[in-house]
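J.: Chain by chain, the residues run as shown.
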Amino acid sequence: MGRTAVTLEINAQSCAFDLDNRTTLLDALREHLGLTGTKKGCDHGQCGACTVLVDGMRMNSCLLLAVALDGAQIITVEGLSSDAALHPVQQAFIDHDAFQCGYCTPGQICSAIGAITEAASGWPSAVTPQERPLGPVPLTAPEIRERMSGNLCRCGAYVNIVNAVTEAAEAVGEAAR
Amino acid sequence: MKTFRYERPADPAAAVTLVAGTPGARYLAGGTNLVDLMKLGVETPELLVDVSRLPFGEVEETDTGGLRIGAAVRGSRLAAHLLVRERYPALSQALLSGASAQLRNAATIGGNLLQRTRCLYFQDVSKPCNKRRPGSGCPAREGAHRDLAVLGASEHCIATNTSDLAVALAALDATVHLTGPAGVRSLPLTDLYRLPGDEPERDTVLRHGELITSVELPPPPHSARSRAPLMVYRKVRDRASYAFALVSVAAVLDVRDAAVHEVRLAFGGLAARPWRAREAEQALQGRPATEEAFVEAVRTELSACRPLRENGYKLALAERLAVAVLADLAGQG
Amino acid sequence: MGTQMRGTAAPGRTPTSLSRRSRTKGGIGESTLRPDGTLKVIGEFAYSSDLWHEDMLWGFTLRSPHPHARITSIDISKALAQAGVHAVLTHDDLPTAHTQYGLEYTDTPVLADGVVRHHGEPVALVAADHPETARRAAAKIKVDYEPLPVVHDEASALADDAPILHPNRDDHHAGHVPHPNIVHRQPIIRGNAAEAAKRADVIVTGEYEVGMQDQAFLGPESGLAVPAEDGGIDLYIATQWLHSDLRQIAPVLGLPEEKVRMTLSGVGGAFGGREDLSMQIHACLLALRTGKPVKIVYNRFESFFGHVHRHPAKLWYEHGATKDGKITHMKCRIVLDGGAYASSSPAVVGNASSLSVGPYVVDDVEIEALALYTNNPPCGAMRGFGAVQACFAYESQMDKLAEKLGMDPVEFRQKNAMSQGAIMPTGQIVDSPAPVAELLRLIKAMPLPPEKQWETARGAADVRALPGGLSNTTHGEGVVRGVGYAVGIKNVGFSEGFDDYSTARVQLQVIGGEPVATVHTAMAEVGQGGITVNAQIARTELGVTQVVIHPADTQVGSAGSTSASRQTYMTGGAVKNACEAIREKVLETGRRKFGTYHPAWATAELLLEDGKVVTDSDEPLADLVDVLGDEVIDIELQWRHRPTEAFDPVTGQGFGHVQYSFAAHRAVVEVDTELGLVKVIELACAQDVGKALNPLSVKGQIHGATVQGLGLAVMEEIIVAKDAKVCNPSFTDYLIPTILDTPAIPVEVLELADEHAPYGLRGIGEAPTLSSTPAVVAAIRAATGLPLVRVPVRPEHITGT
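Residue numbers (the working numbering), protein chains in the order written: chain R, 1 to 177; chain E, 1 to 333; chain D, 1 to 801.
One chain only, chain R, in its complex shape (with noise of 0.2 Å):
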């Protein structure tokens, strides 16, 4: 009673838990893979630090029981680079001076690899405008500050974030073609 038996795809890793069923996927994240790169901003949801992706979608791994992820593929901020490379985002990060104390960017990084894969999609944002036709949303500066608001940055980088996730979501674009 209370705990449960899950097993998660963590960064392409296959991980087996037993885990007390209040554990969030953050804290298994935090606490039982010494995974630390995701962060604790608020813890409800509001902040956007801890945001991962899960099955290829950003979420706030705060609010989500990890036991309710069973079978999940989760890749966190560690799971981006190869040692060979940083992913394109997170080049564009530094190259941009996009973050200064940093604690929101694994967040920040997550989300907007998540924000570029809706996009190109063809998901709409709040500011997409209803008679565009479908098809992949070009992410220009609007559409970026609207999908990357729930990515709060109290050092106020945001100018910089905008600049590091247009570049990004060009060098994914080029990528992918």
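These are calculated hints, taken from the structure and not from any lab test.
Just so you know, even glycine gets a beta-carbon here, dropped at the ideal spot from N, CA and C.
Fair warning: there could be bad hints in the mix.
Interface residues of chain E toward chain D, partial, derived using beta-carbon atoms under 8 Å [stated by the list, open to error]:
(1) Gly143
(2) Ala144
(3) Val236
(4) Arg239
(5) Ala240
Starting from the known structure of chain R, arrange chains E and D on it as the hints suggest.
T.: Coordinates of chains E and D only, in the frame set by chain R:
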């Protein structure tokens, strides 16, 4: 957080049986509201029954040309769905104006509808709250209530419903399909919610064990001249995104020969439930679609408002927002 | 990039050390990238909340639900009995008679001493093997409170029958405050305001209010205390000032300072909120009691109670001016709510009073600023530190005066702007560039964003670009544009006679055939980019490419606080100073080894560049590698800015500040007046930075300060109800700007050297926080015609409903 058991039954019947048989059981879907409240100590379920993988994940056209939306569909997926964008744009707008992309990716339609009403005191377990601890009092009336209800509140509770989705669905005449220990039943969405009265701890009319399986929309209304559905959702808030509504409006308007042929209007942010403005609708039916008529009708509806010290501004906001939305829709038609 | 770097266009000598550009790569003036950048983007940078130790326990703090109450009894037995609990501590368990701490006054109980004075005050501590266990055990501690009357504003604090919150004050201001519930009061009298007022053709008064702002750093308070075999403790912590923490921690623990060894861990933002202690002593107490490592991490709710906030303020101002636009006099009264404990309130009062005139020449002033003790949450340091509140008020007054005189608000400001040589209300002469009029000119000359930016090419409205985005009710016809200007003045470094210094230890040696400098300071890198700049300074001064930044800890002397815009000036200055001493040693060694080979060793001015000793005419004399051999040059030195002096307690006169920093903003907003929605289209900033050691970092600081000022203007406020309880301790209810709220922020930078400062630099981190807020509000006023005397401005203030 209190410890709890977790079950993920394979079919809806088993899920219903599990919850119905355990007084402290709750359904779990996206969890974005429930887990939040569990962390705060506001919700203390002893059993969570995971329904996120039950076969309620489809969006399909109904025989009558409406839409049936599975309760486990995620908000972002529904907002992006082609049929929704084409035929019910207000629904897509409402979804996309709520929360953040991350939360919309996790939260389900059923869970969104069942999010608890909100109040600064409800979520702070160190303070009294009738909704959380019946009889303990309502400090919000004297305290911070700038964002709280002006319609349909009671002396026991002035919390507000914060679902953008529910406001849009209210204006779209949605029906909620339920399954439960006593079988299936259906309710108009507006009847799903209740006002606090002297039982502020109950947000909805659901009986213990009842589960939302889908939401059904009637065919979209169209104006006589165009196929474009005349509907809109608009939201006023303190921050341009990632914030709850101070006031929101969902409206459907069909004007024919300069007169109101069909109108449906719902407010968010004003009450413990999405507020379908039936008095205003009635007042407008068949009347000339003029701004004066809209003002008069909306005022009739809002005359029931009982604002407190800090939330009276909502009346003017609601009136201006609703009139502008209606005038806008009338102009487009 | 929108940044333009400008040369010296106005007075101000360039120090000789600047006359020659260094050729060493990655030196000062370059936009080098952060040395910790890669770690931060791959998730490997260890913040204080990421620390872990084998066998570690988790600490939790039980806090008071009452703002003012007597504790009649505490029963910890049920908590202690819970499985997994290792210790429960209350005030009675404190090991020494030193049971209080504080930045300026030692008035803050480590754990409540029979009385709680604010909502959220720490009462008891629990250590357990799991955070949830600790939390639940804390809930089982039974505390009986007897509520006491609450002091929540000036009237209740100074009433005849007001409860005295700190009856036995022995602080250095206790003797001259008019009431024991006043933490500190600083009058400033210069000239004769009453007499000067007679010359005024117009007189303008105003009452303004600033809400309580939170630093809201994203990484909550956290740290790990590890008991050591010698009976001491190792503390890994996110703070702004290691040695100030140390000074406050050690006596409470009953340990000599050398047995409390502190190391800075990753800091998730600070903005003033980590200048006071939070969980430091608590974690140490639990670790010493249990003999096990103890980690404490606040959650967001707790973080809102765990640090001081920006002082909410009420400000009354009177200005007079002649018809031709010269300010005749200024009177003001600034009341800051300091909350339950002093924190840095005295220094905030000093800033609020001494900077209350703003960057203007006003010879006749009558100023009073004070901070109250109340039962509201304690307030202290936040970016802008007392100058933010004053700037909102005096800039509002400037617009009011200009309007009354029928003058352009920028022209009016320029007419009264201070410049080098001006006299502050404190009598201090501003002895470095003060290009206030020039900053205003720059900001005004920048091209405005296109009118009706929401209009599409076809002439229709793109509602998404309107205030509130899709929530807008109009198609642009109800949207009004407004433009507002503001300029501010901030002091840099610690003031009022404080012995402000920093320490740097620099080593130079050959490693792997290359000269490598190691820079060791106790400076807290909190995101400001201090370590980036320290490395640049070492490269420039020592001519090396490889610089190792040693982790900040208390094994080296104090660096002072990462606050007051002071670290580049102070720790940068200390690093420069230590490097210069190292250079002398290198040259000494060089002369000894190679002096006979070339006469220039004896006669020329020698520099270190590009790994070589070179003459001032660029002739290389020797490779550093050869000069050093296997010698390690290792020097630790303190460095001070020039001394300041205390303000006179009656007249407020004195050479109080070491340097001033100036920034100006122009805000362009669009307002939907029907719905009270504001969209800030652009927030342009011009700032004099003296010398941009790292232009990229300078721009980042300006962006960040601007966004925080925007937050205060339109959304940020901790709501404290009349019962002194905090109502909105969450990021859903305390809103901070998102990326969507953040407009374009074009930046213009002036570089007018301050000859007293290293490289002529000026502290930059705070000034733009000041002017951002009043500029936005001025723009909203311009759009709406409303007086708007309180921030944050909310929709209902604009709709007037």
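J.: For every hint, state whether the structure bears it out.
T.: Each hint, compared with the structure:
1. The criterion of a C-beta within 8 Å of any C-beta in chain D is met by Gly143/E, whose closest approach is roughly 5 Å, and the hint holds.
2. Taking 8 Å as the C-beta cut-off, the interface hint given for Ala144/E holds, the closest approach to chain D being about 4 Å.
3. Using the Cβ-Cβ criterion of 8 Å, the hint placing Val236/E at the interface with chain D is satisfied: the shortest such distance is roughly 5 Å.
4. The closest approach between the C-beta of Arg239/E and any C-beta of chain D is roughly 5 Å, which is under the 8 Å cut-off, so the hint is satisfied.
5. The beta carbon of Ala240/E is positioned within 8 Å of a beta carbon in chain D (closest approach about 5 Å), and the interface hint is therefore held.
In terms of the numbered hints stated before, the structure departs from none.
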